[in-house]
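Protein chains: 2
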Amino acid sequence: MVFLNGKFIAKNQAFVPVMDRGFLFGDGVYEVIPVYNRKLFRLDAHLNRLQESLNSVAIKSPYNVNEWLEIINQIVSYSEHDNQSIYLQITRGSGTKRAHTYNELNPNIYIESNPLHPRSQKEASEGFSAITREDIRWGRCDIKSTSLLANILYTQQAKQHSAEEAILIKNNKVTEGATSNVFLITGGTLYTHPTGTEILSGITRDLILESANSCDIIIKENAFTIDDMLSGDEVWISSSTREVIPITKVDHNLINNGEVGEHWKRVYKHYHKLTN
Amino acid sequence: MVFLNGKFIAKNQAFVPVMDRGFLFGDGVYEVIPVYNRKLFRLDAHLNRLQESLNSVAIKSPYNVNEWLEIINQIVSYSEHDNQSIYLQITRGSGTKRAHTYNELNPNIYIESNPLHPRSQKEASEGFSAITREDIRWGRCDIKSTSLLANILYTQQAKQHSAEEAILIKNNKVTEGATSNVFLITGGTLYTHPTGTEILSGITRDLILESANSCDIIIKENAFTIDDMLSGDEVWISSSTREVIPITKVDHNLINNGEVGEHWKRVYKHYHKLTN
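Chains P and W supply the protein sequences, listed in that same order. With the first letter of the first sequence counted as 1, position 16 gets the number 32 in our numbering; the numbers rise by one all the way through. With the first letter of the second sequence counted as 1, position 89 gets the number 105 in our numbering; the numbers rise by one all the way through.
Treat the hints with caution; some may be incorrect.
Identical copies look the same in the list; a pair holds intra-copy or inter-copy alike.
[Stated by the list, open to error] Here are the simulated lysine-lysine pairs, DSS-like style, with alpha carbons at most 25 Å apart:
#1 Lys285 - Lys175
#2 Lys27 - Lys265
#3 Lys76 - Lys236
#4 Lys175 - Lys113
#5 Lys265 - Lys138
#6 Lys186 - Lys285
#7 Lys289 - Lys23
#8 Lys113 - Lys265
#9 Lys76 - Lys186
#10 Lys55 - Lys113
#11 Lys138 - Lys186
#12 Lys76 - Lys175
#13 Lys189 - Lys175
#14 Lys265 - Lys285
#15 Lys23 - Lys138
#16 Lys23 - Lys265
Quick caveat, the hints were computed from the structure, so don't treat them as lab data.
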């Protein structure tokens, strides 16, 4: 069962009009909310970010927090899985004609649940590879919008290279991954790109910083270069569905001789304390 | 009547699955083809550009040129209007699950016709205003993709300022409009941003250059600055639905004291020879 514009229906019955502005223009925003043991994880942070995305593109939230909670919990209850990933998309709505400009419309809202299967510690401990690509995305990467073609092209290239992620480089600095935030440990200090318009301020990113802080790791929200990354001790990526996983190879370069580092193990462990 | 995935149906019956990648990711491309006197105008150029867009995002064209021609002509025939604007959108297709990466899918194809009502010469001759905005779009503006959120935000801002267009500025140079190409006449020479990844190589842009050439205007496909524009003699924008119209005010600055220039009148006239 999925949610579409007020109704709970079968996914294969869920259709939107061709005049939906998400379909025509990528004119919408989305959120992905993890569920552990049937409980929504950091829901407030996700709903806050959703509201920020909506504000940035001037779409009025169709529901208040309690209404969201009720709808999302119902979607959670329809699933047989204890751990889930809730996908929630809001587009500006459907006009009568295709026009770039708009008058006020009723947003179209779609919500679905998928099983959440992050890798086990054993799987994650094997390390993953990434490719690097020039970051040519637009200047408002802080908005979690559905205009995602750049990200699609990057992730498909990563897949073609049997890589877990495409790490994006802007003016020689690592911004983030195509679908993740990126962290570097070097000399015992954790570096990650500061928030702003160049990255999506990941909620999992915040949890990793919270975990690293609890593990007494010094945190610097400073951008680092591709050379810093290649000569660093540990590289990680984070996202709500992957949690935090170590990258041990970037393009053709091994990070830390391809070994997963000790800092990751501690932060991974702490992160799992938070989700349990 | 519209065309959706092989069927001609009423527009209010045209729906796409929520798993359509256009809806989820802006993962699609489009074309807008003008029709004058029931004849498709510069169809080859439009189908060529469509093919380039498809190639850039690795979507396989579902039809060959003759098949497109047959479908589009049928859409033209259903309309009561002699002059039309054909909108054609192709998304990568619908997967079973939302995932950034994809395996081969059947593209979803949507085509509709709208009446083409460019402004009359009298209306156009009154001149229009534009606003300027920093060009923060991605680095592949040559792809006519449906990930258009930046363009949507720009055009809505133009509307809020009662302006015809938002003219975009990157590194102090005019790239193009949010939904048009931009031209400057200064000292009798026509300037416009060269083709490449920073602008969409408009087919109407080519026709304007063709017309200007026929009017013995010197053409330089060089980028010009915002100051060049403000101190220039004439500024025009072009798009397939607006053809070529003069901009006489940019932000709070009058161009040529707010007067429509003589070069525009000649080029406008020649353009209409081409479309008749």
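Hint check results:
Within a single copy, Lys285 and Lys175 get their C-alpha atoms no closer than 28 Å, and across copies no closer than 52 Å, so neither meets the 25 Å cut-off. In the homo-oligomer, the alpha carbons of Lys27 and Lys265 never lie at most 25 Å apart, since the shortest distance is 38 Å inside one protomer and 50 Å across protomers. Within a single copy, Lys76 and Lys236 get their C-alpha atoms no closer than 35 Å, and across copies no closer than 45 Å, so neither meets the 25 Å cut-off. Proximity of Lys175 to Lys113 under the C-alpha cut-off of 25 Å is restricted to the inter-copy arrangement: shortest distance 16 Å between copies versus 37 Å within a copy.
Taking the shortest alpha-carbon separations for Lys265 and Lys138, only the intra-copy value of 18 Å comes in at or below 25 Å, while the best inter-copy value is 64 Å. Taking the shortest alpha-carbon separations for Lys186 and Lys285, neither the intra-copy value of 32 Å nor the inter-copy value of 45 Å comes in at or below 25 Å. Taking CA atoms no more than 25 Å apart as the test, Lys289 paired with Lys23 passes in neither setting, with 36 Å inside one copy and 54 Å between copies. Taking CA atoms no more than 25 Å apart as the test, Lys113 paired with Lys265 passes in neither setting, with 49 Å inside one copy and 28 Å between copies.
Within a single copy, Lys76 and Lys186 get their C-alpha atoms no closer than 32 Å, and across copies no closer than 30 Å, so neither meets the 25 Å cut-off. For the identical chains of this complex, Lys55 and Lys113 are inter-copy neighbours only, at 22 Å across copies versus 41 Å inside a copy, given an alpha-carbon limit of 25 Å. Taking the shortest alpha-carbon separations for Lys138 and Lys186, neither the intra-copy value of 33 Å nor the inter-copy value of 48 Å comes in at or below 25 Å. Taking the shortest alpha-carbon separations for Lys76 and Lys175, only the inter-copy value of 19 Å comes in at or below 25 Å, while the best intra-copy value is 36 Å.
Only within a single protomer do Lys189 and Lys175 lie at most 25 Å apart by alpha-carbon distance; the minimum there is 23 Å, versus 37 Å between protomers. Only within a single protomer do Lys265 and Lys285 lie at most 25 Å apart by alpha-carbon distance; the minimum there is 22 Å, versus 61 Å between protomers. In this assembly of identical chains, the alpha carbons of Lys23 and Lys138 never lie at most 25 Å apart, being 40 Å within a copy and 50 Å across copies at closest. In this assembly of identical chains, the alpha carbons of Lys23 and Lys265 never lie at most 25 Å apart, being 45 Å within a copy and 48 Å across copies at closest.
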